[in-house]
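J.: So the chains spell out like this:
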Amino acid sequence: MRIAGYKLTLAKRETLSGLQASMISVLAVLTALLLFSLIFIQADVNPLEAYKEIFDYAFFNSYGLPLTINRFIFLLLSTCAFIIPFRAGLWNIGMTGQLYAGSLSAFAVMYAFGVKDAKSAEYPALIIIPLMILAAALGAMIIASIAGYLRGKYNVNEIVVTMMLNFITFWLVSFMIKDGGLFMNPGGRGESFELPASLYAPLYKGVPFTLIFALGFAFFLHWLFAKTKLGYQIRAYGENPTGAEYAGISTVRIPLLVFIMGGALAGLAGYHYFAAVPGVYKIARSYAFLGDLAFYGIICGLIAQANPIAAIPVALLFGGLTNGGRFVQGKMHLGFGIDYALLGVLMITLVAFQFFYRYQFALTKAEKESPDV
Amino acid sequence: MFEFFVRSLDASTIFTIAAIGELIGQRSGVLNVGVEGIMLFGATLGFIVAQATGSYLLGFLAGIAIGALLGLLHGFFSVTLGGDQVVSGMGIWIMGFGLTTYIGNPYTGPLGMDRIPSVLGLSPFFFVGLALVILTKFVLSKTSLGLKIRSVGENPSVAEVSGVKVAKTRYYSSITGGMLMGFAGAVYALNYNPVWNYNFLMGWGFIALALVFFSMWNPYILMAGSLLFGTLWQLSLNPQLVLPGLFSRYIWRTVPFGITLIVLFSMSMKWFRTRWGAAKPDALGQPYLKEE
Chain A
1 MRIAGYKLTL
11 AKRETLSGLQ
21 ASMISVLAVL
31 TALLLFSLIF
41 IQADVNPLEA
51 YKEIFDYAFF
61 NSYGLPLTIN
71 RFIFLLLSTC
81 AFIIPFRAGL
91 WNIGMTGQLY
101 AGSLSAFAVM
111 YAFGVKDAKS
121 AEYPALIIIP
131 LMILAAALGA
141 MIIASIAGYL
151 RGKYNVNEIV
161 VTMMLNFITF
171 WLVSFMIKDG
181 GLFMNPGGRG
191 ESFELPASLY
201 APLYKGVPFT
211 LIFALGFAFF
221 LHWLFAKTKL
231 GYQIRAYGEN
241 PTGAEYAGIS
251 TVRIPLLVFI
261 MGGALAGLAG
271 YHYFAAVPGV
281 YKIARSYAFL
291 GDLAFYGIIC
301 GLIAQANPIA
311 AIPVALLFGG
321 LTNGGRFVQG
331 KMHLGFGIDY
341 ALLGVLMITL
351 VAFQFFYRYQ
361 FALTKAEKES
371 PDV
Chain B
1001 MFEFFVRSLD
1011 ASTIFTIAAI
1021 GELIGQRSGV
1031 LNVGVEGIML
1041 FGATLGFIVA
1051 QATGSYLLGF
1061 LAGIAIGALL
1071 GLLHGFFSVT
1081 LGGDQVVSGM
1091 GIWIMGFGLT
1101 TYIGNPYTGP
1111 LGMDRIPSVL
1121 GLSPFFFVGL
1131 ALVILTKFVL
1141 SKTSLGLKIR
1151 SVGENPSVAE
1161 VSGVKVAKTR
1171 YYSSITGGML
1181 MGFAGAVYAL
1191 NYNPVWNYNF
1201 LMGWGFIALA
1211 LVFFSMWNPY
1221 ILMAGSLLFG
1231 TLWQLSLNPQ
1241 LVLPGLFSRY
1251 IWRTVPFGIT
1261 LIVLFSMSMK
1271 WFRTRWGAAK
1281 PDALGQPYLK
1291 EE
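Here the protein sequences come in this chain order: A and B.
The opening residue of the first sequence carries number 1 in our numbering; numbering runs sequentially from there.
The opening residue of the second sequence carries number 1001 in our numbering; numbering runs sequentially from there.
Misleading hints may appear alongside valid ones.
Capping the alpha-carbon separation at 27 angstroms, the derived lysine-lysine pairs in DSS-like fashion look like this [said to hold, decoys possible]:
1) A:LYS229 / A:LYS153
2) A:LYS205 / A:LYS282
3) B:LYS1280 / A:LYS153
4) B:LYS1165 / B:LYS1142
5) A:LYS12 / B:LYS1142
6) B:LYS1280 / B:LYS1142
7) A:LYS178 / A:LYS119
8) A:LYS153 / B:LYS1270
9) A:LYS12 / B:LYS1165
10) A:LYS229 / A:LYS119
11) A:LYS116 / A:LYS52
12) B:LYS1270 / B:LYS1280
Quick list of simulated restraints, FRET-style, between CB atoms [stated by the list, open to error]:
13) B:SER1157 / A:ALA11: 19 to 27 angstroms
14) A:ASP56 / B:ASN1238: 49 to 57 angstroms
15) A:ASP56 / B:PHE1004: 49 to 57 angstroms
16) B:GLN1286 / A:THR251: 14 to 22 angstroms
17) A:VAL26 / B:GLN1286: 52 to 60 angstroms
18) A:GLY330 / B:ILE1116: 34 to 42 angstroms
Derived from the structure by calculation, the hints contain no laboratory data.
Glycine included, C-beta positions come from ideal geometry on N, C-alpha and C.
Just chain B, with the same shape it has in the complex (with noise of 0.2 angstroms):
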């Protein structure tokens, strides 16, 4: 049962940093529907480089570069070419998927190399995480560099006329963003789950965005919400251990997916919608282009 709960809170702990990720993405104006892409290039990148090198480190750190790169190249559409932010998250999204099906086929398979110590018994990442959640709160509540990001995700044209750098600030947080899913990738291909297979990420991603909606862009909730994700996923792939012989494996498979949509429709109740409301960044998704 220990072992369970460890491995719950492995689970949990992807979901919150790559979701981390994409709620500062987000809190700055700019909806990154690409997750699940950044997450499979970092899991597959880091994969690579780690087996090449034999270096943790430097599997960790090319998941950190790619998901930075990745989370440029959708500041560049997004804020520069002021295009659509669906498209663009999508297109990272399927390249994503497409290119890391061809680059990581040749290592498919495990690892193998010994498995990262964990720290109290638990995984050093979850305390990575949850010093994330903790610092996300911190910068974004009391800090003047929060405010900024605010203040660009509600009013651009408002933060652009109080000396707030609308593009600046947007392209750090995208920027942020991407690192923290390239990395919460190479965090599930280097330590939750070391066997590389073809998109083996099988919606992770899109859950963690799910949850940052739910989340009403406040990282506790998040994190709460992530706890609740990563046990069920957990839950899904070892249901033998709460209910044995109670409906197929596979029926297990699609549980995390349908609380999520029943999440996301308990999301339409009043006093949810209000606060909902209320909560969400007054400029998500739009681009912000100065008057020239």
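Chain A on its own, in the form it takes in the complex (with noise of 0.2 angstroms):
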């Protein structure tokens, strides 16, 4: 293509340094949110004012501020839980189950104290919060491990296993909460018994403690990808299986290692959003939201790169767009579902920019040709 004198061609990428990969995230973003003021279009809205509106509500609104910060930490759990089997170049798509089977044990564990039967009793925080936690880690680990079991050792597709696996939990949970399961509220909601107020996790400014573990190990996975000896063997793993084995990495224990660390993970996203965040305390009637939400995890590892530290403005970005969406969802009368199509568009958009990581544009001088005639 020529414009002006100049001549645009299609390059292969030699190298891709950091600033410019981060550029192709920055622009698949901008150009998703372009794309999506369509669907703003399209329901008579003016796209500037519901982007301004998402804004304000999500980063600039005592109401919209805390959910978004709960969102965040839930969504940076969420993306770390991906990041790390994709680091060894698989797909966990399974934070939902995961993060089910976490909340689920930490109800377990608040069900062995008899907490169903008496709310309004004093419990030993100090302990039970911890175990809990532990709890939630482990179940999510438990679960998650089949999957990176069956890929390191049958080499059997993670993506269909970590789907089913969604599967089965999600209807788990309905078993545990609904129709007279074992943590169904004594109201009969359909929804799970309430945390106690001695059991609440403890805030600071209203924010949860577990946004220290989100921080934290986003932290704390860079430096074990960065500097140790086993996240050089996830990354070699990733790169390349079966070279890794020749170099006596084994093909077995890195991919239980990775879904188990991922599984964790998630499991912590699941304890944070349904024993921590202020407002919620209880597996509600509608937990499958969550269960969605969580497959914003993908995306925002896909735009940090698998990076976790870029991962946390990310996940900030995100939380916001899909709280202050729900938002605007109501107070402009959109219909159900915004922040679900946003998913969408954003996803397709990534795929698409995934080309520019191999390919560039090169604007270069054309060279005097004689003009067409």
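Starting from two chains that each stand alone, build the complex the way the hints lay out.
T.: Below, the structure written as structure tokens:
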């Protein structure tokens, strides 16, 4: 293509610097938001106004901001749960199932302490809360390890396995909280029993302490991938599993390990949303929504290009976007599912932008040619 | 009991059609993990068009058309751009999940049209599915077109040298596969369960994907697997027919997914692995970029 004496060509990239890579991500997000304006226009809403409302509510509103932060914690944990296996070239799309398993385990701890029947009693939070967190991580790890083991040992496609586990745990949650299940609310509304006030997660200025986990793990993972032998092995396996085997890296251990680590983080995300977010403190009837939200972990992971530090701003942005999206949906009378539609548009735009990891447009001064006749 | 049998066949048919679509694509070396997304799109658009026009035919055509379009999109990402096919498939799935939730929401509820008449007591789509299986098997193993498709999936560079147009063949296979997946979705929403609800497929597409892996890319085994899973699915919805009172209904709903896991696990047997390895299209999931 020629533009005013310059020639626009497509050239294969030799290298991709960090700056270029982040430029691609930023461009992809901007393009997706631009495309998404079409949905606002179709619904007779001015896109600029809609985005302004979204950002105002998400980041500058005293009601909206805490919700954004809670979603940010949830998304960052989900994103890290996706990133760890992704570094090893594996797809963990089972964050949903893992977070369900994690929250069920956390509720099982409370059930064991008899919380269901004596809600108003005082409980030793210093013992039970750490136990709940451990249980959440452990329950999710067990579910995730199935996918990792089958992949490592028998090369079974992890996408199918994690998806099956998502549906199994989805119905298990229903089993536990509905129709007289063990965790059903004694009031019988098809939701779980509520946390007693003494077991609410500690807050600092309205923010649950789980924020420390989310940020801490993001930095920990960065260190793990950059500085440790294990991180190196994971990356080597991700780039070339066969080559890694020749280099003495266990092709059974790495897939199992990345899924166990990823699962544990997704379990913490489950603990966070069902047991630490103010105003929730139970597994609600509409728990499927949080499972769906976890799919944003895939998108954040891809945008952050599997970099846990980059995942922090990305998760914050999408925590805000999904939260603000829900808000304008109600305020501007848009159809249900604006945040779902955004999920869809973002994902496909990202896929298209993958192309630019390998190719780039080059603008060169066109050589003098005889003008076309 | 006959009713249960008919419903099971209906469910099996949807698995069969979608999985045959995936099988054709995979035979040509294109892995599409977005089956569920394409089915959701086919189902939602088929549902909307049928309800708006009152015509089943237009509904099915809409489902097939959007399937073809998504098959083309997947072909573009994975053949022309030579990108990661899993990334593209995941993109199509999440796009389908996200956009159909928004687009279909105003249509939540029953379709409100007369049911499609049955043929010999069975759903007409059962015969369509059966014909598709036989036709696919015939084309893939007995015709030169089938040879082209398989050669492109096994060893694209050799195929190219022997004069087969790799990109074109893969495009056609991906589009045909997409059409079948879209059609399968439309059959679900217009015949099997004509009520729209968000993300109503709940894993059908992923089970279809698993069926293809398990079938060793043989349409007959695939059909047998679909019959098993169709029956299981139906059983999980109506457990009282066979084992009344045993387990909660929610536990029954996990059964088809659990069985899928067990089936995938059983593929780890040595007997199976050798045959599976031999049947697997060698170039499955690998982009083919011509040397320049």
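J.: Are there hints from earlier that the structure breaks, and if so, what are their numbers?
T.: 5, 10, 11 and 17
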